[in-house]
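Since the structure of chain A is already known, use the hints to place chain B on it.
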Amino acid sequence: DAGITQSPRYKITETGRQVTLMCHQTWSHSYMFWYRQDLGHGLRLIYYSAAADITDKGEVPDGYVVSRSKTENFPLTLESATRSQTSVYFCASSEWGQNSPLHFGNGTRLTVT
Amino acid sequence: AQKVTQAQTEISVVEKEDVTLDCVYETRDTTYYLFWYKQPPSGELVFLIRRNSFDEQNEISGRYSWNFQKSTSSFNFTITASQVVDSAVYFCALRGYGGATNKLIFGTGTLLAVQP
Chain A
121 DAGITQSPRY KITETGRQVT LMCHQTWSHS YMFWYRQDLG HGLRLIYYSA AADITDKGEV
181 PDGYVVSRSK TENFPLTLES ATRSQTSVYF CASSEWGQNS PLHFGNGTRL TVT
Chain B
6 AQKVTQAQTE ISVVEKEDVT LDCVYETRDT TYYLFWYKQP PSGELVFLIR RNSFDEQNEI
66 SGRYSWNFQK STSSFNFTIT ASQVVDSAVY FCALRGYGGA TNKLIFGTGT LLAVQP
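These protein sequence lines are chains A and B, in that order. Using the working numbering, read the first sequence as starting at 121 and increasing by one per residue. Using the working numbering, read the second sequence as starting at 6 and increasing by one per residue.
A hint or two may mislead.
[To be verified] Listed next, the stretches of chain A that the computed footprint assigns to chain B, with coverage defined by at least 3 CB atoms under 8 Å from CB atoms of chain B: (1) 179-185; (2) 193-205.
[Said to hold, decoys possible] With the Cβ distance kept under 7 Å, some of the chain A side facing chain B (calculated, not the full set): (3) L165; (4) Y168; (5) A171; (6) Q218; (7) N219; (8) L222.
Treat the hints as calculated values from the structure; they're not laboratory data. Since we're looking at a predicted model, the values are computed, not measured. Ideal Cβ positions, reconstructed from N, Cα and C, are used throughout, including at glycine.
The following block holds chain A by itself, in its conformation from the complex (with noise of 0.2 Å):
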């Protein structure tokens, strides 16, 4: 089915440790996103991506790493996961066009202990 896929949806590890979280969406879309959301400060952009190879800086990009070698994939990387990235993570992607609303995933509950 066509829609964007987040994985996986529950994940728990340990400081220091490296964790990917996968994005794929099946839209072709050029954009695509990743959001943070937290109590208190609704949601915050880490990353985005206007198309394969292009990506750039949101609000709240330190400790994160992202790739987009594939329009349909856009992974998020924790190179070495602190408490503070406990949070539940979004992806979303859209079409070209500054109108253009963005679908999110159903999102990641990250949890670092």
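Frame of chain A, contents of chain B only:
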């Protein structure tokens, strides 16, 4: 810099009451887009509406209506005759037109609780 402010952290109403969720934004772009999203208790984010900066017409969709006023940089959302199913977190968001502002920035959200 772009910014979206939703000053109301939580609102509680009784079913059938009308409720307005406030959204104030800041941007230097002359062309920009405003959005509202709903996040029900199940957690998914649902797109509700978009509005571009050149279209100040208010919009009504069933019990939902949106009031866009450029003069006050506001894009408020009103639910008429609220229902329990309207209980959710509502986010207002802004997307600019320029290269550096072409990203969707969200407010901190308003938690709406509709009591039966």
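These are the hints, each one checked on the structure:
no. : hint    : result
1   : 179-185 : violated (count 1)
2   : 193-205 : violated (count 0)
3   : L165    : holds, 6 Å
4   : Y168    : holds, 5 Å
5   : A171    : violated, 12 Å
6   : Q218    : holds, 5 Å
7   : N219    : holds, 5 Å
8   : L222    : holds, 6 Å
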